[in-house]
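Residue numbers (our numbering), protein chains in the order written: chain Z, 1 to 261; chain L, 1 to 517.
Rather than coming from a laboratory, the hints here were simulated on the basis of the structure.
Computed from a predicted structure; not experimentally measured.
Idealized CB from N, CA, C, for every residue including glycine.
There are no misleading hints in this set.
Output of the computed footprint for chain Z on chain L, the stretches with three or more beta carbons under 8 Å from beta carbons of chain Z:
| no. | segment |
| --- | --- |
| 1 | 166-176 |
| 2 | 296-304 |
Partial chain L-side listing against chain Z, Cβ under 7 Å, derived:
| no. | residue |
| --- | --- |
| 3 | Thr186 |
| 4 | Ala187 |
| 5 | Tyr203 |
| 6 | Gly204 |
| 7 | Thr380 |
| 8 | Ala412 |
| 9 | Leu418 |
| 10 | Ala419 |
| 11 | Tyr422 |
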Amino acid sequence: MSAAPSSSNPKQKQIIRPYGDRRDDGVVQLSFTLPVPLSEKAKEAALQLTKKMGFTDVKVAAAERAADNYTFFIVYARTGLYLDYSEIEVPEVVVKKLGMTELNVLIRQKIGRRLVVLGACTGTDTHTVGIDAILNMKGFAGDYGLERYPMFEVYNLGSQVPNEELIRKAREKQADAILVSQVVTQRDVHKDNSRHFIEEAKRQNVYGKMILLLGGPRVDHKLALELGFDAGFGPGTRPSDVANYIAHKMLQKMGLEGETP
Amino acid sequence: MPGPFIDDAEIERARQLAHEITTPVLEVIHRHTTVSIERTVLRLLGLAGAGPRGVPLANLMVDRLKEAGVINKGAAYWYGRALLMGATSPVDAVERLTAAPIEKLPALSVEEEGKLKDLVRKEIAQAVRELESRVEQRDALKNELGMSRPPHKYVIVATGNIYDDVDQARAAAQAGADVIAVIRSTAQSLLDYVPHGATTEGYGGTYATQENFRIMREALDDESKKLKRYVQLTNYSSGLCMSEIAFCAAWERLDMLLNDAMYGILFRDINMRRTFIDQYFSRRICALAKIIINTGEDNYITTADAFEAGHTVIASQFINESFAKRAGLKDWQLGLGHSYEIDPYREQTLLHELAQAMLIRRCFPNAPLKYMPPTKHKETDIFFSHAYDVMADLVAIWTKQGIQLLGMMTEAMHTPLLADRYVALKSGSYIHRAARGIGDEFQVREDGEIAKRARYVWKQAMALLEECHRDGLIAAIGRARFGDVARTETGGKGLEGVVEKAPDYFNPFLDQLEAIG
Chain Z
1 MSAAPSSSNP KQKQIIRPYG DRRDDGVVQL SFTLPVPLSE KAKEAALQLT
51 KKMGFTDVKV AAAERAADNY TFFIVYARTG LYLDYSEIEV PEVVVKKLGM
101 TELNVLIRQK IGRRLVVLGA CTGTDTHTVG IDAILNMKGF AGDYGLERYP
151 MFEVYNLGSQ VPNEELIRKA REKQADAILV SQVVTQRDVH KDNSRHFIEE
201 AKRQNVYGKM ILLLGGPRVD HKLALELGFD AGFGPGTRPS DVANYIAHKM
251 LQKMGLEGET P
Chain L
1 MPGPFIDDAE IERARQLAHE ITTPVLEVIH RHTTVSIERT VLRLLGLAGA
51 GPRGVPLANL MVDRLKEAGV INKGAAYWYG RALLMGATSP VDAVERLTAA
101 PIEKLPALSV EEEGKLKDLV RKEIAQAVRE LESRVEQRDA LKNELGMSRP
151 PHKYVIVATG NIYDDVDQAR AAAQAGADVI AVIRSTAQSL LDYVPHGATT
201 EGYGGTYATQ ENFRIMREAL DDESKKLKRY VQLTNYSSGL CMSEIAFCAA
251 WERLDMLLND AMYGILFRDI NMRRTFIDQY FSRRICALAK IIINTGEDNY
301 ITTADAFEAG HTVIASQFIN ESFAKRAGLK DWQLGLGHSY EIDPYREQTL
351 LHELAQAMLI RRCFPNAPLK YMPPTKHKET DIFFSHAYDV MADLVAIWTK
401 QGIQLLGMMT EAMHTPLLAD RYVALKSGSY IHRAARGIGD EFQVREDGEI
451 AKRARYVWKQ AMALLEECHR DGLIAAIGRA RFGDVARTET GGKGLEGVVE
501 KAPDYFNPFL DQLEAIG
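Whenever a hint applies, use it, and build me the whole structure from the sequences.
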């Protein structure tokens, strides 16, 4: 029997723990490397360190010589920690998902013109794989890119576009939405660059006017909101998610649709 | 030999088309030089240092010559003028030239001109001899220690700090890596200079500098001796400083370089002419330094769809091969790039990946080839990604790839953790060990799915080569035939660094490189 209460009533407690092969057994798998040669002492170090993390029933399943002075561990352990799932609050990009055809019809009927979208990898980022997957004709995983939508007018500016330039071009094209893709995340360069984008958007007076979106493998909606974007899209995002978001957000801005939660 | 799939005569036809496709480009190449080529000549003459604010001396001098409108005579000529003015060292030469009113210098007598050229030719010849002796040292160590059997397992390090890179490279070598690639800092390809000295700050990678090359090669020499197995080093001769990087790498005894005739045009929006001219000179240096080049066709199917665009890889490989051969490279130096990138949620992808890899092996039987792991469809589910990578390991051993980049299970998230390389090397070694000889055991049915797919891709590749032949390579690039990216001849970065050679253009380094054949 499930100890968890029904999720239909959010006020009721819902205590959860990791599930290994039994409910609430708290089993987790960890892997990490320690900068020491493989030895019995190294294994003991891995065990003690895992205990220090607060885990119990620690089993060092594998200890491998990754290099002369590095040992790679795979560890199984239990956590006694739990939480009340009903108390978790995460803003999610909620969109009413329509197919390509329906969405085009919706835009044509309610907005009556093509939506202009600009996208780029800005700053020093050269990795266009994300922005290409969303914007280019072919799309991603069988989900067509925005270029394929008759009711979107898309400009993919490619990589290493300065934020100033992207925003300037967006003003020139009277864009409805700007997509910023950030793939390289070393030393949080994606956050610094995204902040700079927002500052620049404020400076060029498009902030709050155009829909500003952030995407990338280490991006989530929460981070994007914190940074000042309208929404964030992480790994697994389909072009149709972005297309739907933009269309519905436009409708909201025009007062034709209610705010999504 | 996998297949036949197709007749030898058809492969010959492809090669002939590629040769004719590159012919008009070669005419452009021979008529021009670039600021990067001229800086390379100066580097060979000993101008390796940097001036105030870290600007490389080679840049200071070439910028000055360009500003004076005289770079079209060749930087070597002006270096000779400085020698005649009494310069006693390369640095002294720069100082004299940057201070001199170059525009107003009188023409030299025929006799003086001859003397100048002799002086510079002699210095160049001496420097080339030294370069060759460094290459010989590298090859001697390689022969003494020997290398693992191919596919050579290639992994990347990318910390941004050359000293951390060294630690990780040593660890990777100890775990079985055969080739270490130091990924460059993002955006370095767009710098029109080579940064100077050892560097500890980079984004997504570490700056390619001559000093960083030296530090890493020295560490790998040491590690190779300990392991009694030669570990190769590679970097990136691409972007605006292709030929300078090739020179720095040759001098510091690197073994391989990523070097592609079209990559910069398509993926970094570097001007077409600039790239074609620079790739020629850089490849001449690779030919001299016995460096294996790795081409970048694998990138086409990260932007375009791998299932639909497989033929673009093959057409481009023939073109890249032609450019390489015209720059003096031999078959054994051609790490032509391709990859395992078909959407894993399709049916029969293993068969189609095998078809592609077998077809490429069939077309280029004597080239090592460079096989890349999946990247585009990698998932943050590392367990799936690991299994996905292992399939690429199988194709690599099956089709006898010379160089195989090992996939990293965390590819979709971050630059590899130390353990990611270990895990990839352990499983890659296992697959190579387990399946060695598999390609000789199984004959592919000529009426099966693999052969069918290979013939289909081949037909499309031939059609693309015919199109490039009919309309020209520039027009084909303009139509986004490669990698779904369209570029124009005068667009992109770096065109301002292309200079038409004067009738009396002087570049004894190029003369010597071309004399080698």
